[in-house]
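**Q** Per our numbering, the very first residue in the sequence shown carries number 4; after that it's consecutive.
Don't take every hint at face value.
[To be verified] Calculated pairs, SDA-like style, for lysine to any residue (alpha carbon to alpha carbon, straight line, at most 25 angstroms):
1) K284 - P246
2) K286 - F317
3) K84 - P250
4) K84 - D213
5) K101 - V129
6) K286 - D258
7) K173 - Y191
8) K101 - K173
[What the hints assert, rightly or not] Quick list of simulated restraints, FRET-style, between CB atoms:
9) M192 - V316: 14 to 22 angstroms
10) D98 - R252: 22 to 30 angstroms
11) D98 - V316: 43 to 51 angstroms
By construction, these hints were calculated from the structure, which means they are not laboratory data.
Using N, Cα and C, we set each Cβ at its ideal position, and we do this for glycine too.
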Amino acid sequence: MTVFRFDGRAPNSHWEDDLMQIAIVQQPPVYMNKTASLERAVELFAEAASQACRLIVFPETWLPGYPTFVWRLPPGAGMKKTDDLFALSQANSIDLSKDELAPIKEAAKEHSMVVVMGHQEVDGAVSGSTLFNSAAIIDADGTLLNNHRKLMPTNPERMVWGFGDGSTLKVVETAVGRVGALICWENYMPLARFALYAQNIDIYCAPTWDSGDTWLATMQHIAREGGCWVLGCATSLEASDVPADIPYRDELFPDDNEWINPGDAVVYKPFGSLHAGPMRKEKGLLVATVDVDAARASRRKFDVSGHYARPDVFTLNVNRAKQSPISFD
Numbered sequence: 004m005t006v007f008r009f010d011g012r013a014p015n016s017h018w019e020d021d022l023m024q025i026a027i028v029q030q031p032p033v034y035m036n037k038t039a040s041l042e043r044a045v046e047l048f049a050e051a052a053s054q055a056c057r058l059i060v061f062p063e064t065w066l067p068g069y070p071t072f073v074w075r076l077p078p079g080a081g082m083k084k085t086d087d088l089f090a091l092s093q094a095n096s097i098d099l100s101k102d103e104l105a106p107i108k109e110a111a112k113e114h115s116m117v118v119v120m121g122h123q124e125v126d127g128a129v130s131g132s133t134l135f136n137s138a139a140i141i142d143a144d145g146t147l148l149n150n151h152r153k154l155m156p157t158n159p160e161r162m163v164w165g166f167g168d169g170s171t172l173k174v175v176e177t178a179v180g181r182v183g184a185l186i187c188w189e190n191y192m193p194l195a196r197f198a199l200y201a202q203n204i205d206i207y208c209a210p211t212w213d214s215g216d217t218w219l220a221t222m223q224h225i226a227r228e229g230g231c232w233v234l235g236c237a238t239s240l241e242a243s244d245v246p247a248d249i250p251y252r253d254e255l256f257p258d259d260n261e262w263i264n265p266g267d268a269v270v271y272k273p274f275g276s277l278h279a280g281p282m283r284k285e286k287g288l289l290v291a292t293v294d295v296d297a298a299r300a301s302r303r304k305f306d307v308s309g310h311y312a313r314p315d316v317f318t319l320n321v322n323r324a325k326q327s328p329i330s331f332d
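With the hints as constraints, model all of the structure from the sequences given.
**A** Following this line, the structure appears as structure tokens:
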């Protein structure tokens, strides 16, 4: 495991009370294999714990792997192939009604570490079939505090994912401060961002499949706009990481040397300066030291949901009711 450290301190050194180490995962899962990916995640917990990390963040749908095939298959002509790959993806998705994040919760408790876990979720409680792009926030005692479902899947993602609702648009109190997450292009939704800013957020996590300069500029803008730490991360994935037995693998990923996603794990400070990364075309952990209290202090100059808000001119209403297609009396 490669660890990229950006704070200049030695591993396991003594930390001042207001400082902590965080880890961003830029290591691929065992693609489309839920059981093996959960085992790999537990190993990554141990590696982050050896670096004295108190927070670990995994990319978008890291469990069991982002369904990148939706960007490579035409919706009509590729329907059969999409169906086959969807079935494999569905079979390896996380069902919270069966407590399938239990190994992650146990690892969080064992290592006293907060985790943000990007996962593809199957709705076992209602339909048993529909998939969601979700980000779970688990506290250092293993408690699941929030499971945010992506509000709007992007473009061909709508062929495989359902929509989330406002019930999970939350910032939660954790052992490392107030943490919230928006997934991938949700971070381009100004009102969704504002909903998190207005909940006194310290650490803003942006698990994604995006990368590159435009995405990094967005992460920097959010750090300045929200006055919070921003942690961005995508799965660093090469074609050679996709197992040979994945259906249509050679057709979809013919070049083993292709970087399907370069990763670009990054940390921006409150008010927008670069703190760590970006980590590009590398695999491992991005480890950085953060001062959580710096987030609130930075908002003296600009507090988008406070003294800069102008509620006499602008207001936002967020529907936090959980949506369901059925109600049983």
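**Q** Indicate, hint by hint, whether the structure satisfies it.
**A** Here's how the hints hold up against the structure:
1. At most 25 angstroms may separate the alpha-carbon atoms for a hinted pair to count; K284 and P246 meet this at roughly 19 angstroms.
2. Simply put, K286 and F317 have alpha-carbon atoms about 44 angstroms apart, too far for the 25 angstroms limit, and the pair is violated.
3. Among the hinted pairs, K84 with P250 is consistent with the structure: their alpha-carbon atoms are about 8 angstroms apart, no more than 25 angstroms.
4. This hinted pair checks out: K84 and D213 have alpha carbons roughly 24 angstroms apart, not beyond 25 angstroms.
5. Restraint check for K101 and V129: satisfied, since their Cα atoms lie roughly 13 angstroms apart, inside the 25 angstroms limit.
6. At roughly 19 angstroms between alpha-carbon atoms, K286 and D258 fall within 25 angstroms of each other, so this suggested pair holds.
7. Straight-line distance between C-alpha atoms of K173 and Y191 comes to about 17 angstroms, which keeps the hinted pair within the 25 angstroms bound.
8. For the given pair, K101 sits about 23 angstroms from K173 by alpha-carbon distance, which is consistent with the 25 angstroms threshold.
9. With their beta carbons about 20 angstroms apart, M192 and V316 fall inside the hinted range of 14 to 22 angstroms.
10. Hint check: D98 to R252, Cβ distance near 26 angstroms, so the stated range 22 to 30 angstroms holds.
11. Our hint of 43 to 51 angstroms for D98 and V316 holds, since their Cβ atoms are close to 45 angstroms apart.
Hint compliance for this structure: hint 2 alone is broken.
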